[in-house]
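So the protein sequences, as listed, match chains A and B.
Numbering (this note's numbering) for the first sequence: 1 to 256.
Numbering (this note's numbering) for the second sequence: 257 to 625.
Some hints here could point you the wrong way.
Lysine-lysine pairs mimicking DSS-like chemistry, simulated, CA-CA at most 30 Å apart [stated by the list, open to error]:
#1 B:K272 - B:K508
#2 A:K161 - B:K502
#3 B:K508 - A:K213
#4 A:K123 - B:K622
None of these hints come from the bench; they were simulated from the model.
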Amino acid sequence: MEPLIIAGREFSSRLFTGTGKFSSASMMEEALLASGTELVTVALKRVDMHNKSDDMLLHVSHPHIHLLPNTSGVRTAAEAVYAAQLAREALETNWIKLEIHPDPRYLMPDPVETLQAAAALVKLGFVVLPYIHADPVLCKRLEEAGVAAVMPLGSPIGSNKGLRTADFLEIIISQSNVPVIVDAGIGAPSHAAQAMEMGAAAVLVNTAIAVAKDPVRMAAAFKTAVTAGRMAYEAGLPAINSKAVATSPLVAFLNE
Amino acid sequence: MTFKSIFEQHNWEEVKAGIYGKTAADVEQALHNPRRTLEDFAALISPAAAAYLEPMAALSHELTLQRFGNTMQLYIPMYLSNECQNICTYCGFSLDNKIKRKTLSHAEIMMETAAIKEMGYDHVLLVTGEAHQLVGVDYFKNVLQLLRPHFANISMEVQPMDEADYAALIPLGLHAVLVYQETYHQEDYKKHHPKGRKSSFDYRLETPDRLGRAGIHKMGLGVLIGLEDWRTDSFFTAMHLQYLEKRYWQTKYSISFPRLRPFSGGLAPKVVMDDRELVQLICAYRLLNQEIELSISTREKEVFRDNIIRLGITTMSAGSRTNPGGYTVDRQSLEQFEISDERSAAAIAAMLKRSGYEPVWKDWDKVFS
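Chain A extracted, bound-state conformation:
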């Protein structure tokens, strides 16, 4: 499998994971290890950034796991920039998952504030991965602003509904010059495989693993699905034939 490269960093796993909703920090750690993930996002609001023995931070601390702090909770570009700077200072990483959702009910990302914050953070030297709607134009605008990847949603976050935005994801993937990571809404390994077959660079999964009856086995299932989906994409999926080939070809007259 081709490795994924984001901002010069190589990932052999294309499954990114979240850290919320697990029944305990040790369960989360076990699931993350079973998933093979190398990029794990952590909400700044959930951790004590200045406490080296923070329970969650301790349980994600492994040499192969790269930490991706996220700004969940902020409502404006200014707040996001401030939070990112604090995260860089405290967690010693310039990577940031930019999440600005002023709507606390459906956690819908704000495209206006996100674009503004992305541009500011890129200028400040951050590796910016913005969480956004599956909006092809917004993705191009973010790419021009210098983000390292785009993270469009598959369906509302936590909904487990799968790739309801598939038509737009296809457009985004076809025209993107930066990796496209499908974030939010992936509720089953088959959804993850579908995103990978479509050509997504990676997927980010949280709820589906965290709230499964057996999160560790579910994490392993996602690992397999992401690998299978990516292999299929690289192998070149055959075209889907919806009807049989006509027995009397329409252009046969050209041979006569």
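Given chain A's structure and the hints, the job is docking chain B onto it.
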């Protein structure tokens, strides 16, 4: 426009009759609807839904798990003052209740803070009576400035204030405000609040609008269960919630279910809500709204709290004291109401872990506005 204009289009008795007129067929329809309306909610809180408690609980559990995961948020109240200029028939701090009055000084607040932090808390709820001279906006400004460095998240349950006051407190670290209407029954409201600023039903009713306009992050709604018919009161609360969610879409909402508890010299509840009914109400809220935070306090008994965590609740308090200085300064001063679950925060955290839930002590950060 405020909620008042919508509220005034409804008549208490008609709403009540509507709820009590719901049938088993209405309940089944409500259970099957993927997106539930206020009328579905009425069916789910009706007497007809009592027979559907198990399927309601199963749905509530599933919806809560999907949204909130295997987690439970923990907070603790800090009572700052029991000074009060209101007469409320059901409250231990009522003006006509002859108790020793106490307002914590800064030094005392810091002592209480140290005790609370020691228990593991990072989210605090500040509670007072209503005494504008002693415990007004300036007092709150000072307290927020004092406490902000020490807590990730600060909420208040104090007297309703003007929009400008909220707007001044929010940048200082005020995250959430809990303001319960007590009852939406206008005449009964007046009977229970005969004196003081709280006697204005309208000012209280419009408080969430003022909070929304001021841009508060979160507000908590509810009624004091026991004053009036809880089904009708809950229907109005849900109506209020739906109005607020559409209007102040950047604000998060929570619902609490305080059942009237005894206090020294207090009022006996007019309406008693039993445990089955409280479970029914909690599940009905979850079925109406998958995203709403549902909170349960130490007013409820141990066994009930241990079991309710699977049925829709997302937020709990533990180890609470309901008197100013109750953690360290003056443990014996008179409490607002008697708590039922006296277990420590550590004991509740251990109970949650045994039940497969991660206690969440911190889910905000003081760096956020």
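key: Hint numbers contradicted by this structure   = When the structure is compared with the hints, none of them turns out to be violated.
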